[in-house]
Structures are given as structure tokens and as C-alpha cells.
Amino acid sequence: MNGKERILARLRGESTDSLPLMPITMMYAGDLIGQPYRAYATDYRVLAEGQLRTAERFDFDYVSAISDPAREASDLGAAVEWFDNQPPAIIESRALIADKATLDTLALPDPESPGRMQDRVQAVRLLAERAGTDKIVQGWVEGPCAMASDLRGLNTLMFDLSDDPAFVEALFDYAVRMEVNFAKAQVAMGATLIGVGDAAASLVGPRLYNQYVQPFEKRLISEIQALGVLVELHICGNTRRIVKGMGETGADIIDLDFLTPLSEARAAMTPHQVLLGNIDPVRALRDGTPESVEAALAECYAQAGPAYIVGAGCEIPRGTPQRM
Amino acid sequence: MPDLQKLYDAVLNGDQKTSVAITREALDAGTDPMVLITNYMVPAMDEVGRLFECEDYFVPELLLSARAMKGSLELIRPLLAARGDEPVGRVVIGTVKGDLHDIGKNLVGSMLEGGGFEVIDLGADVSAERFIEAVQTKNANIVCLSALLTVTMPSMRTTIEAMKAAGVRDKVKIMVGGAPVTSQFAEEIGADGYSDNASSAVALARRLRAEATA
Ligand code: B12
Numbered sequence: 000m001n002g003k004e005r006i007l008a009r010l011r012g013e014s015t016d017s018l019p020l021m022p023i024t025m026m027y028a029g030d031l032i033g034q035p036y037r038a039y040a041t042d043y044r045v046l047a048e049g050q051l052r053t054a055e056r057f058d059f060d061y062v063s064a065i066s067d068p069a070r071e072a073s074d075l076g077a078a079v080e081w082f083d084n085q086p087p088a089i090i091e092s093r094a095l096i097a098d099k100a101t102l103d104t105l106a107l108p109d110p111e112s113p114g115r116m117q118d119r120v121q122a123v124r125l126l127a128e129r130a131g132t133d134k135i136v137q138g139w140v141e142g143p144c145a146m147a148s149d150l151r152g153l154n155t156l157m158f159d160l161s162d163d164p165a166f167v168e169a170l171f172d173y174a175v176r177m178e179v180n181f182a183k184a185q186v187a188m189g190a191t192l193i194g195v196g197d198a199a200a201s202l203v204g205p206r207l208y209n210q211y212v213q214p215f216e217k218r219l220i221s222e223i224q225a226l227g228v229l230v231e232l233h234i235c236g237n238t239r240r241i242v243k244g245m246g247e248t249g250a251d252i253i254d255l256d257f258l259t260p261l262s263e264a265r266a267a268m269t270p271h272q273v274l275l276g277n278i279d280p281v282r283a284l285r286d287g288t289p290e291s292v293e294a295a296l297a298e299c300y301a302q303a304g305p306a307y308i309v310g311a312g313c314e315i316p317r318g319t320p321q322r323m
Numbered sequence: 000m001p002d003l004q005k006l007y008d009a010v011l012n013g014d015q016k017t018s019v020a021i022t023r024e025a026l027d028a029g030t031d032p033m034v035l036i037t038n039y040m041v042p043a044m045d046e047v048g049r050l051f052e053c054e055d056y057f058v059p060e061l062l063l064s065a066r067a068m069k070g071s072l073e074l075i076r077p078l079l080a081a082r083g084d085e086p087v088g089r090v091v092i093g094t095v096k097g098d099l100h101d102i103g104k105n106l107v108g109s110m111l112e113g114g115g116f117e118v119i120d121l122g123a124d125v126s127a128e129r130f131i132e133a134v135q136t137k138n139a140n141i142v143c144l145s146a147l148l149t150v151t152m153p154s155m156r157t158t159i160e161a162m163k164a165a166g167v168r169d170k171v172k173i174m175v176g177g178a179p180v181t182s183q184f185a186e187e188i189g190a191d192g193y194s195d196n197a198s199s200a201v202a203l204a205r206r207l208r209a210e211a212t213a
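Going down the list, the sequences are from chains Y and L. Residue 300 in numbering that gives the first Met the number 0 sits at position 301 of the first sequence, and the numbers go up by one each step. Residue 156 in numbering that gives the first Met the number 0 sits at position 157 of the second sequence, and the numbers go up by one each step.
Where hints are given, some of them may not hold.
Derived pair list, reagent style DSSO-like, types lysine-lysine, alpha-carbon separation capped at 30 Å [as the list claims (entries may be wrong)]: (1) Y:K99 x L:K170; (2) Y:K99 x L:K69; (3) Y:K99 x Y:K217.
Just so you know, the hints here were simulated from the structure itself, not pulled from any lab data.
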């Protein structure tokens with residue numbers, strides 16, 4: 000079985016020759032090819048090279064165009080801070096939608112015209128060209144809550160949820176429309192799976208998550224699935240209180256951080272729901288040993304059952320030692 | 000004279016309008032501003048911290064409570080300053096260089112304010128030089144450093160080293176925190192204290208102040 004067959008078999012509930020491997024690598028992949036992260040995030044050829052070499056080195060079953068949450072916001076004109084060897088970050092004190100009225104004036108960005116979104120679309124194209132027959136090629140978009148916080152500022156968004164929920168819904172709606180377009184462009188270039196990252200959703204608690212966030216995640220996921228591809232939902236942080244709702248979004252893969260025990264996710268979902276995760280990236284991997292990694296993996300598998308794909312809680316940390 | 004229990008409830012429920020209105024009424028009626036803080040606002044923020052720890056409250060609720068408390072504090076602070084009341088301590092807080100995560104730092108800052116400290120918030124992505132300058136110009140006695148990324152944790156060490164080089168390290172107690180930080184790391188880099196959540200950060204700050212003034 001090649002990587003693509005292995006992951007697809009797992010998603011169909013069929014048996015596989017070994018556990019599918021889909022750990023997120025970003026800074027790790029840049030380091031592996033000796034490139035500063037700034038180059039990784041701005042030049043699709045560097046990203047593709049990093050992904051292909053990392054996947055080859057560790058026999059991963061997929062490659063991914065994930066890099067940082069600022070691509071869409073950059074193209075919309077948000078203020079972004081660049082670092083030489085760290086992901087770029089959106090400057091919250093100069094948030095693009097600091098004034099709510101700005102939302103009505105924003106057009107949807109075109110992922111095909113020059114910019115950081117197009118760079119990701121190109122990364123997907125190159126990855127599909129070079130590895131698409133053997134491996135799953137993953138595109139990436141931001142979830143509604145993450146995108147809203149990128150544009151409005153996370154602190155402000157937290158207040159909006161109670162001060163002006165109608166505005167929040169309008170903002171989530173905008174985010175969903177933008178991300179469906181972005182996903183479409185990546186699917187056209189050969190993405191077979193789209194990852195949706197919605198980190199900020201882990202902060203809002205179950206009431207606000209179920210009422211406002213989850214319905215938009217669900218809509219985003221089903222609209223991407225309608226393009227004929229698979230969807231993975233990744234929410235970092237502690238999602239114990241919202242994990243049931245995550246399962247109800249309909250995502251093909253639910254990717255969990257280490258703070259949410261897979262046993263709890265399994266209990267909240269069907270036995271067929273594919274779970275991905277959730278080895279502690281720092282303690283078990285970066286600071287771990289081959290033995291601790293094996294033990295952590297065995298524990299994940301024991302908790303998740305067969306509908307399981309190997310990954311860490313979030314990206315494999317920079318500086319994780321290579322021992323094979 | 001307003002029912003001051005409503006001040007407690009307003010802070011607990013994150014209702015800024017009510018907390019400000021009651022505070023104003025109480026002050027107009029001649030209530031000692033310190034009583035409002037110590038008997039109503041601090042206990043309310045303590046309860047908010049407790050609810051957050053047991054996952055009844057989440058970040059939005061915490062921020063709303065902090066906003067309600069700050070609204071009241073804005074009315075109270077000038078009165079305290081006018082009568083020469085000193086805060087429990089002066090805290091300079093910020094997220095270290097390269098790190099833009101500020102939610103946890105904001106919560107710690109708010110809880111400290113709720114606990115009677117004066118808080119000078121330098122924001123996120125703060126260089127060692129800016130911490131040093133704030134310590135020098137604001138007469139601070141506690142510095143709080145926050146980091147959420149393993150790649151920015153070393154900035155905590157370099158900030159402390161720079162404070163030593165600038166000769167201000169011994170003027171202050173240094174507290175560190177943020178999800179990846181551990182008490183072991185805090186000790187390694189020569190910080191005076193670590194806490195993994197906002198409410199115990201207040202207890203820690205009080206203890207460090209007591210040690211310093213003992
Ligand atoms: C929200 C968030 C963001 C937002 C931040 C917005 C903002 N205004 O803060 C955005 C989208 C901008 C963001 C960006 C990034 N993020 Co981020 N983010 C998070 C997330 C989801 C929540 C963090 C949070 O606010 N927690 C809630 C608060 C209340 O908790 P806390 O900060 O730990 O604070 C508590 C205690 O630690 C303590 N405390 C905090 N500070 C202090 C200080 C003192 C003195 C004391 C005593 C106590 C104390 O008290 C607080 C209250 O109880 C976490 C995942 C998670 N859920 O943990 C990832 C996470 C922190 N991010 C991560 C990463 C990798 C990034 C990016 C690099 C992503 C990327 N690839 O582009 C960028 C980096 C940007 C930068 N240069 O800083 C990783 C860090 C991994 C690591 N260990 O290094 C995490 C853990 C996600 C993950 N699982 O991988 N992120």
C-alpha cells in the first residue's frame with residue numbers, strides 16, 4: 000500500500016498494512032532542509048521541498064500546504080509581523096476589522112491572483128505534481144472562528160460574542176465564503192484533503208461553540224466536501240467540552256490536541272469516526288525517547304481504536320531529535 | 000445606598016454597565032472606595048478565577064468580568080490616588096519578544112488588578128529593553144513575563160539576563176507563566192515564581208510582595 004491508499008483505506012473503514020502517519024510538520028520541515036521559516040512561508044517551492052523531503056525521510060503518508068494562519072489576512076491587507084525564522088503573525092492591535100463597518104466593505108480575496116493565498120495554491124499544485132499519486136496532498140484553510148479572530152482580533156471577538164452576536168455571525172459567514180473559495184482553488188490544483196484549522200474555537204466554551212461556531216464549521220466542512228474531497232478538522236488546545244460538537248460537524252478526520260484524551264473523543268463519537276492525534280508534542284516527542292514515543296502511540300491507539308491516524312497534538316516541534 | 004451585593008454579581012456576570020453604575024452610586028453615597036474593592040470586587044474576581052479553573056467559565060466570560068471590574072476601577076483609582084493610598088504593588092506585565100499570544104497575559108493582568116495591584120501592561124512582543132525601561136520609570140516591584148511558544152521561552156531568560164546587566168534585576172520580583180512554562184524552567188532561568196493560572200498568580204504576587212517587604 001502507498002500512503003494515499005493507506006489513508007483512503009482507513010477512511011473507508013478497511014484494514015491497512017500499517018497505521019497511517021499524518022503528523023503536522025511546519026518549522027520542523029523548514030529546519031530539515033536548512034531553510035529559514037520565512038522562506039518556507041513565502042516561497043511555495045521551499046515549502047514543497049520541505050514537505051517532500053520530510054515525508055520521504057520519515058515515511059509519512061501525506062504532504063501538506065499548511066504554514067501559518069496569516070495567508071488570507073495578508074491578502075486582505077491586514078498588518079502582519081514577519082520574523083526571519085518563525086511563522087508570520089497578524090498584529091492584533093492593528094486588526095483589519097477594528098471598526099465593524101469595515102466588514103461590509105471587504106470583497107472576497109481572489110486565491111488565483113498574486114498573493115499569499117496563491118502561493119499556497121501553487122504549493123498544492125507542486126506537491127500534487129511531485130507526490131500526488133503516492134501520497135495524500137493536503138490543502139489548508141482557516142476555520143470561521145480562527146479567521147474571524149485573525150481579522151477582528153481575538154480579544155475583541157471574545158467580547159463581540161456577547162455584545163453583538165449578529166456581527167459575529169456576519170463575520171463567520173464572510174469567513175466561510177472566503178475559505179470555500181480558497182479550498183476550491185486548492186482542490187482544482189490537486190488537493191485530495193483539506194485541513195480546517197480553528198484554534199480559537201477551543202477558547203470560547205461549549206455554549207458559545209455550539210451556538211455560534213460549530214454551525215459555521217459544519218457549513219464550511221460540508222461545502223468543501225461537496226467539492227469532492229475529504230476534510231480534516233483541527234482545533235488545538237483543550238477541546239474536551241466541545242469535542243462532541245466537533246464530531247457532529249461531519250469532518251472525515253477529527254484531529255485533536257494532546258489536552259483532549261482520545262478516549263473522551265471516542266466516547267463522544269461513533270466507533271467509525273476517524274480520529275487523528277494526539278501525542279504530546281513537547282513532552283512525549285521533543286523531550287522524549289524512542290521508548291516514550293512508542294508508549295504514547297500505543298496509548299493513543301488503545302484509546303482511539305482502529306479508526307485512528309497517527310499524529311501529534313499539533314505540529315511536530317522544532318528541535319525534535321531524529322532517531323530511527 | 001445601593002445594594003453592594005449587586006456589584007459583586009455584576010463583576011461575576013461580566014455586566015460592566017451595572018458594575019459602573021453601582022460603583023458610581025456607592026461612591027456618591029460616600030462608601031469607602033477600598034471597601035468596594037476588597038469586599039466586593041476582589042471576591043468576585045476570585046470566584047471568576049475559580050469558575051475558570053473548573054471549566055464553568057471560559058475565556059469570553061473571564062474577559063467580560065475583567066472588563067466590568069476595570070470599568071469600576073476607573074472610577075475608584077483617582078480617588079485612591081488623591082488620598083495617597085498605595086497599591087498593594089506595582090506590576091509590569093508583558094508577553095516576551097517574538098510572542099503575540101496575549102489572552103493569558105491579559106487575564107493575569109486583570110486578576111492582579113482585581114487583587115489591588117497597579118498593573119502596567121506593555122502588551123505583547125515586548126523587548127527586554129522595554130521591560131527594563133518600564134521598571135525604571137514606573138517604580139515597579141514585580142515583573143510578569145508570559146510566553147506561549149516553546150520558541151519564545153528563551154526570550155524569558157534573555158529578558159532576565161538583560162535586567163541583570165542593566166542593574167534592575169534585584170529591584171523587582173519576577174514571575175513567569177504561559178502554557179509551556181514549568182516551575183522547573185522558572186527556576187532554571189532565575190525567576191522568583193511561576194504559576195499555571197491567573198488566580199494563583201495573584202496569591203503568588205501577594206506572597207512575593209510580603210517577602211520583599213518583610
Ligand atoms: C489563541 C492562539 C493563538 C492566537 C493568539 C491571539 C492572542 N491575542 O493571544 C494566534 C492565532 C495569533 C496564534 C498564533 C500562533 N500560535 Co497560537 N495558540 C492559540 C491557542 C489556541 C490559545 C492560547 C490561549 O490564549 N490560551 C488561553 C489562555 C487563558 O491560557 P494561557 O495563555 O496558557 O494563560 C494561562 C496560564 O498559562 C497562566 N499564565 C499565562 N501567562 C502568564 C504569566 C505569568 C507571569 C503567570 C504567573 C501566569 C501566566 O495564566 C493564564 C490564565 O489561567 C493555543 C492552543 C491552546 N489552546 O493552548 C495556540 C498555541 C499557543 N499556538 C501555537 C502556535 C505554534 C502558534 C503559531 C506559531 C502558529 C503558526 N504556525 O503560525 C502563531 C505564533 C504567533 C506568535 N508569534 O506569537 C502553539 C504553541 C506550541 C508551542 N508550545 O510552541 C499552541 C500551543 C497550539 C499548538 N497546540 O500547537 N495563536
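Okay, the hints, checked on the actual structure:
{"no.": "1", "hint": "Y:K99 x L:K170", "verdict": "44 Å, violated"}
{"no.": "2", "hint": "Y:K99 x L:K69", "verdict": "23 Å, holds"}
{"no.": "3", "hint": "Y:K99 x Y:K217", "verdict": "25 Å, holds"}
Violated hint: 1 only; the structure is consistent with all others.
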